[in-house]
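A.B. asks: Can you make the complete structure from the sequences, with help from the hints?
Number of protein chains: 2
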Amino acid sequence: MTLQYHAPLDEMRFTLKDVFDAPKFWQSTPKLAHVDEETVDMILDEMARFSSEVLLPLNQSGDDESAQYLGDGVVKTPKGYKEAFAAYAEAGWIGLGGDEQYGGQAMPKMVTMLTEEMLFATNQAFALYPNLTVGASLCLMAAASDEQKALYLPKLYSGEWAGTMCLTEAHAGTDLGIIKTKAVPNADGSYAITGTKIFITGGEHDLAQNIVHLVLAKLPDAPAGSKGISLFIVPKFLVNADGLMGERNAVQAGSIEHKMGIKASATCVMNFDGATGYLVGEPNTGLAAMFVMMNYERVTMGLQGLGASVLAYQNACAYAQDRLQGRADTGVKNADKVADSIIHHGDVRRMLLNAKANSVAARTFAMYVARQLDEAKFGENPEAKAAAHAKVALLTPIAKAFLTDRAFAAAVDCQQVFGGHGYIKEWGMEQIVRDVRISQIYEGTNSIQALDLLGRKTVKDNGAAMFAFIDEVRTAAAALQSEHSIKEATLNAAKRVQDLTEHLLASAKSDPSAINACAVDYLGAVGYLCYAYMYVLIVAAATDKTGEFYADKLKLAQYFSERNLPQLYAHADMAQAGSKSIMQFDAGFFQ
Amino acid sequence: MTLQYHAPLDEMRFTLKDVFDAPKFWQSTPKLAHVDEETVDMILDEMARFSSEVLLPLNQSGDDESAQYLGDGVVKTPKGYKEAFAAYAEAGWIGLGGDEQYGGQAMPKMVTMLTEEMLFATNQAFALYPNLTVGASLCLMAAASDEQKALYLPKLYSGEWAGTMCLTEAHAGTDLGIIKTKAVPNADGSYAITGTKIFITGGEHDLAQNIVHLVLAKLPDAPAGSKGISLFIVPKFLVNADGLMGERNAVQAGSIEHKMGIKASATCVMNFDGATGYLVGEPNTGLAAMFVMMNYERVTMGLQGLGASVLAYQNACAYAQDRLQGRADTGVKNADKVADSIIHHGDVRRMLLNAKANSVAARTFAMYVARQLDEAKFGENPEAKAAAHAKVALLTPIAKAFLTDRAFAAAVDCQQVFGGHGYIKEWGMEQIVRDVRISQIYEGTNSIQALDLLGRKTVKDNGAAMFAFIDEVRTAAAALQSEHSIKEATLNAAKRVQDLTEHLLASAKSDPSAINACAVDYLGAVGYLCYAYMYVLIVAAATDKTGEFYADKLKLAQYFSERNLPQLYAHADMAQAGSKSIMQFDAGFFQ
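From first to last, the protein sequence lines are chains A and B.
Residue 292 in the UniProt record's numbering sits at position 292 of the first sequence; the count goes up by one each step and never skips.
Residue 123 in the UniProt record's numbering sits at position 123 of the second sequence; the count goes up by one each step and never skips.
FYI, nobody ran anything at the bench for these hints, they're computed from the structure.
Treat the hints loosely; a few may be bogus.
The list treats identical chains as interchangeable, and a pair is accepted whether it falls inside one copy or across any two copies.
[What the hints assert, rightly or not] Capping the alpha-carbon separation at 20 Å, the derived lysine to any residue pairs in SDA-like fashion look like this:
{"#": "1", "residue 1": "337", "residue 2": "170"}
{"#": "2", "residue 1": "555", "residue 2": "250"}
{"#": "3", "residue 1": "182", "residue 2": "106"}
{"#": "4", "residue 1": "79", "residue 2": "245"}
{"#": "5", "residue 1": "333", "residue 2": "254"}
{"#": "6", "residue 1": "495", "residue 2": "569"}
{"#": "7", "residue 1": "425", "residue 2": "66"}
{"#": "8", "residue 1": "555", "residue 2": "511"}
{"#": "9", "residue 1": "333", "residue 2": "588"}
{"#": "10", "residue 1": "377", "residue 2": "41"}
{"#": "11", "residue 1": "333", "residue 2": "27"}
C.D. replies: Next comes the structure, spelled out in structure tokens:
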């Protein structure tokens, strides 16, 4: 009843090489000349081994034990976590995508996304410790001074120190403009940070020597709202100019949360009591610095969903192969046993195929976005970089929200395959559901992602970026050299999303409530279109190739087209209905 | 952060009286002449009080503490459960729908369904103890001898004794035909029962003096498969002919499960070691006896979903009213505060309205099915009884599966309203999600319900019962004296389900996999049609009435029609796609 995981390396390589021809991209991009196929294959093999052998065995035990708050600001991670983190850091995984100048390995997101998938697949709670450290590094890389980078990045990449992002306060989650944490200038150029942050992942733990908090706070003269937020480095132990750790800073964990899942991850209340902090970048530009990092982080949350859905799928398949119950509709398969394997039952397959069709599309879509991230970061051509950046901005909310929504549904479907056993802790499936649920909530709830997509990314530029993307989808589908049903299905889907977008752009002009009321269903519709587009790319890559692996891809595309894609139209119709049926109620109705 | 609940008595009375005019039905049904409006109002008021004051306060603490296995077959329920069960039993709730001859109060399902809704809303885990006792009573009432009824029913109704249903074995869940538990005749006419049952809700606990197990087992000469299953009474303490408890029987709990939710409910492994059992009814008719009970039980599981979704909704509304974050799109509402209440945000309302639209439709649909159950049980006219029975058989899988699927989605939506707080245990929302998840799995998984609906209830009679029901829906919609959008929406929906049904009847003739591959989406489509039908009845009842309560019903019907019903078409299209895209994969693909 221990969860099994075999890293889907064949699927990953298919996506990386057959669908996107990454090696060609690397060869043609000077700043990625150091990336070669052989190295990447070794990286993937090694993470497949590490995640299965080291992280997976700590997944269920970590949930049983949970992170523990021992009082006096001390947090203990579950048994084995400290050693696993040390081994993970030692192997260089935290700096895999980090800048070479500071000891990183400068691997592109197209590679790190695959290691992140495996990391999240095998242990969602553990994954957050290195993941937040990577996030803090990205943020420093984007906004910190050279001195700050030199002081912190090498230690973060090596995992000697860990990182956090301290944004949320009890009264300020989505609405960061109203945070109360204050930063008062000290005589030496540093700041005294005072306030309380909540929901701080990895805010305190016993995995690293030091913890580098990146904290949003307000300067005394800061403008009101989100334009008055600054970013500070607040290390748990102060760092001397020589890079050595100095005295303990006035920041301490007050407690940790008891949560639905990711229980081995310490979610802390952090009290800053005049703690010494160092300004990152210019005053009042804290949110902008955060957003550079967020495009990476939000894709990574999508990968949490992907990883979880793969783990759920593999274990549900194993159960369905083993479990004997009833007889196959097409005739007895297992005459010497009292019943046939439930893998022969159509509805069991439907649930498994939902998860499989999702994971293949999700990985492809994440790779598509990663490709744009890499172009924007490593490319040479300013126009191509700008175009890639714009596409990242448009698609990131989908990579976060749609991937995690579909992954949660996949995990629930896979749990259902187990019948009653799916509800029992020891089988591990219910934990996957509990753990992955957070991915729809944190890093900006999926509602916030949808508002970003429809409001800031679509309505704000009058649909320019979205229409360009829909054109790209339409062109790719039209160019498909195959009579596969995905072709026409995608062209129809593109038409529907085009019409919907035009309709909502018009609505938004006269109805201030249109965006908020329609955003989530709009994201659902666009998300299915993105997946359809990915299956166009998959079919293009698999057509005319020999072997069952490729033939199965064509079958999966058909399954997606017939048994998942119709939901695009439901989302589109619901979004198109507008805000009236929602906003017509008095606020007092809701009780 | 304690969960709040105010029983929606106004909603319940609207359903009972405005929509279904239950008092008129009771007056015109001689066997229900004892049911009067005043008594029913008192019953509802009393359960509203009891559930809020006694059961709700034990909900979160019961989850924290869980049922505990103390070894040697002893199970301890959480603090307060024993006293609450005693008070519940003392108040006569367990016998509320029981037969008068044995001390029950003979209330119709139209009334008990509302008390069950409140019971499940306030404490899903507690609810299962009395609920299984009611289930065992129904089973005995349907199949036991007069002596058996006299011996057991009064004690079960009074709650002095509790009941269980022992069906599942480790290798036999859905497929009960392959159970191994044996019943060997003793010289005295009793049987020696030997075997191990799993997932036995309330198999052991400290709430009652005795526990009456109803056990499925095989006689030595039983035919293979489901036609060779007999039903036995196996009391924890043997019962002497005088009704007093005798010696301890050879049945004992071996352990309890650690589960995702309903943790205060003891889910037991039960070991029968030559335990004394008494045959109920004729040999080899055990499953038939069970099925009489199951129509009631499955509707009750739908009510678990309904109750849970109401609790989730009420608490999400309270949070959304209190939580200040961002500004309303239509202008500042709360100028003296830093932000507006999130109840003004369209997407927050969308999530809440999904839950509200679901709970109103679910209660109405459960009442519709309860009305048929009451007609079948208490009616005079044989034809009307038979018609009601047929309708119950058709709609029960929908009442179980569709209500619980929609309720789970509603609970997740309401959890999402809380943002990060929804993931934290102390707020209570994540527990509702964990608890209600079981309702999609037990009492026949929702996949099994769907197979029942499409296979046994629709294809088997060539659609006769389904087409009759669709005609009823169409007639009601056409007769609606209102220009409300639900009218045309329901007529269109009925047409779509009619076409889909015809298509699937034809497919099933040539494709043995069609039913299994399409059943769940078929149930989804029919479920949305049922809800649309309910909104036709609701609009009919609310039109031309004065006051905000009724006006809000018309608005809610519009919301449902525009923002939920489109999903019917997605389900229909996915079901209509048939089995090919599912069955084309080799079994070995799934790994």
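A.B. asks: If a hint holds in the structure, say so; if it doesn't, say that too.
C.D. replies: The hints, checked one at a time:
Within a single copy, residue 337 and residue 170 get their C-alpha atoms only as close as 58 Å, which misses the 20 Å cut-off; across copies the closest is 16 Å, which meets it. For the homomeric pair residue 555 and residue 250, neither the shortest alpha-carbon distance inside one copy (59 Å) nor that between copies (54 Å) is at most 20 Å. In the homo-oligomer, the alpha carbons of residue 182 and residue 106 never lie at most 20 Å apart, since the shortest distance is 36 Å inside one protomer and 66 Å across protomers. With identical chains, the CA atoms of residue 79 and residue 245 are never at most 20 Å apart, being 26 Å at best within one copy and 50 Å at best between copies.
Taking the shortest alpha-carbon separations for residue 333 and residue 254, neither the intra-copy value of 59 Å nor the inter-copy value of 35 Å comes in at or below 20 Å. For the identical chains of this complex, residue 495 and residue 569 are neighbours both inside a copy (11 Å) and across copies (18 Å), given an alpha-carbon limit of 20 Å. Within a single copy, residue 425 and residue 66 get their C-alpha atoms as close as 14 Å, and across copies as close as 13 Å, so both meet the 20 Å cut-off. Proximity of residue 555 to residue 511 under the C-alpha cut-off of 20 Å is restricted to the inter-copy arrangement: shortest distance 19 Å between copies versus 43 Å within a copy.
In this assembly of identical chains, residue 333 and residue 588 lie within 20 Å of each other by CA distance solely across copies; the values are 13 Å between and 59 Å within a copy. In this homomeric assembly, residue 377 and residue 41 never come within 20 Å of each other (Cα to Cα): the closest approach is 22 Å inside a single copy and 69 Å across copies. Proximity of residue 333 and residue 27 under a CA criterion of 20 Å is satisfied in neither setting, with 51 Å inside one chain copy and 56 Å between copies.
When held up to the earlier numbered hints, the structure conflicts with 2, 3, 4, 5, 10, 11 and fits the remainder.
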